[in-house]
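Undergrad: Sequence:
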Amino acid sequence: MHKILPKQTASMQTRDGIRLDADIYRPEAEGEYPVLLMRQPYGRAIASTVVYAHPIWYAAHGYIVVIQDVRGRGTSEGEFQLFKHEIADGEDTVNWAAKLPGSNGKVGMYGFSYQGMTQLYAASAKPPALITICPAMIGYDLYTDWAYEGGAFCLQTNLAWAIQLATETARLRKDKTAYEALFAASRNLPVTHPEILQQLAPESFYHQWLTYSHPDTYWEKLSPKNHLQNIDLPMFHIGGWFDTYLRGTWHLYQYMIARSTTPQHLIIGPWAHLPWGRKVGGVDFGVNAVSPVDQMQVRWFDQFLKGMNTGLLEEDPVCLFEIGSNIWHSYPTIPKVNQKSYFLSTTGLANIREDSGSLIQNPKSKIPNSFDVLVHDPWRPVPALGGHAGMPAGVFERSHLDCRADVLTYTSEPLTENLHLLGNVAVEIFCSADQPSYDLCAVLSEVHPDGCVYNLTQGYVHCPPGSEQAPTKIQLQPTCARIAQGNALRLSLSAACFPAYAMNSGSGTVRSSGELMNAQVITITVNCGDGFLSQVLLPLRVN
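Terminal number for the sequence shown in full-length UniProt numbering: 543, no gaps in between.
One or more hints might be untrue.
Unchecked claim - Label-pair restraints from in silico Cβ distances: (1) Gly531 with Arg259: 41 to 49 Å; (2) His400 with Gly105: 35 to 43 Å; (3) Gly105 with Gly277: 35 to 43 Å; (4) Val337 with Lys99: 43 to 51 Å.
Keep in mind that the hints were calculated from the coordinates and are not lab data. Just so you know, even glycine gets a beta-carbon here, dropped at the ideal spot from N, CA and C.
Please take these sequences and the hints and turn them into a complete structure.
TA: Okay, structure coming up:
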């Protein structure tokens with residue numbers, strides 16, 4: 001480990017003359033070192049230390065570490081516009097960092113969330129000095145992986161993030177009134193309604209994201225997906241089973257391994273967006289769940305920026321934490337799975353009695369046709385609890401939610417052997433509603449013999465007017481879990497998961513309090529039986 005020189009501050013100019021400021025951490029030793037670059041919008045002193053080791057730790061391993069304020073944030077000049085300048089500014093910054101005194105000309109990037117996105121945008125410009133990146137918790141397709149899920153607006157995460165960025169903008173502008181109001185709003189989510197952003201941050205990206213509610217050219221121009229063609233860099237992909245942006249990590253990794261000639265490694269822990277620790281929500285996953293990412297990144301950078309043989313390339317590139325067994329599994333690639341179906345069956349009271357709705361595996365006789373009725377009241381929507389979309393995210397005991405009369409539950413018999421899930425879970429539901437539009441939320445849980453119920457994965461779909469289809473398909477978050485012998489599976493269905501997702505008024509997304517006033521009670525009929533094989537599709541790991 002090297003001794004570190006005092007932190008330096010340095011500036012560069014973009015091609016259009018904007019000054020960007022950065023903190024630089026250097027080893028106190030002669031010689032040339034690779035550069036590790038992080039570009040972020042939250043004030044560079046933070047340096048993503050909510051999940052990563054401090055830059056000093058990385059510098060002590062023989063790196064020049066550069067933490068830069070993106071345009072219009074921290075002390076950097078210019079106007080901050082979400083993602084708009086990150087391709088050109090990222091390219092300019094990589095070129096500048098590669099020529100810093102003491103640099104060996106090789107640059108690697110790391111960081112999560114916005115800092116992960118800046119890596120993808122910089123990589124899309126193909127600066128020759130950028131050798132490798134470590135994108136964590138990103139949106140590959142900004143519409144489907146970040147802003148919307150199943151066509152539903154991810155209200156709570158989008159609103160919380162927009163308020164955070166708007167609060168920082170008010171601070172930089174020294175607008176005390178706006179800062180105090182926005183800061184108070186950030187501490188009172190989710191009761192704060194989005195109108196505060198319209199009043200105090202009319203330039204916020206939030207308004208555009210809510211307006212552009214369908215995948216179109218707006219999202220195509222903004223998404224990394226449409227800028228990464230012909231990019232072939234070694235990438236270390238980092239995700240969490242309860243991260244709201246896991247879909248982006250999953251999709252980017254699959255895209256890269258399908259076409260890349262360079263190493264692509266993937267790690268997914270049992271983490272939410274932050275922190276990356278052993279306790280996620282209400283469950284402690286044990287010492288194995290503590291993040292190994294810092295040590296893994298140093299090995300990665302040693303391999304690709306210093307040319308060291310770390311043994312990394314001889315190891316299996318996919319590392320997945322299995323929830324339940326609480327151990328890591330390594331694979332050459334994401335394993336193939338066998339799909340297994342559990343079919344819904346009911347006596348018609350799945351919202352009233354937990355013994356009414358069943359999940360039946362390979363029924364020996366026909367399932368009689370039957371139905372359940374689900375009533376969504378906008379005055380008391382089913383609340384979000386954990387998962388990847390709730391705040392806080394993670395695993396929670398949810399039996400109290402499953403007792404609500406506006407939640408349908410379908411439970412299997414106790415398992416006779418362990419069940420190992422790995423990959424995408426899907427739910428197909430034959431249903432109809434008395435309003436033109438409705439939403440469906442599906443939660444897959446593990447039921448313990450004592451009656452406790454713990455969520456494993458969930459999904460959400462917005463069914464707009466004119467979208468009638470049979471069946472309605474809900475894509476759940478990818479997962480890796482062992483359901484223990486003696487426990488049971490449960491599917492919970494509701495017509496809301498508020499405020500994780502914007503509520504449906506019966507005709508479309510509720511965008512304001514005025515629209516909420518006109519929201520309708522929605523009655524949904526869920527059909528089961530041989531004529532309507534509503535089912536849960538499980539990805540079973542092949543041992």
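Undergrad: None of the hints should be skipped; say for each whether it holds.
TA: Verification of the hints:
| no. | hint | verdict |
| --- | --- | --- |
| 1 | Gly531 with Arg259: 41 to 49 Å | holds, 43 Å |
| 2 | His400 with Gly105: 35 to 43 Å | violated, 58 Å |
| 3 | Gly105 with Gly277: 35 to 43 Å | holds, 36 Å |
| 4 | Val337 with Lys99: 43 to 51 Å | holds, 48 Å |
Violation of the numbered hints given earlier is confined to hint 2; every other hint is satisfied by the structure.
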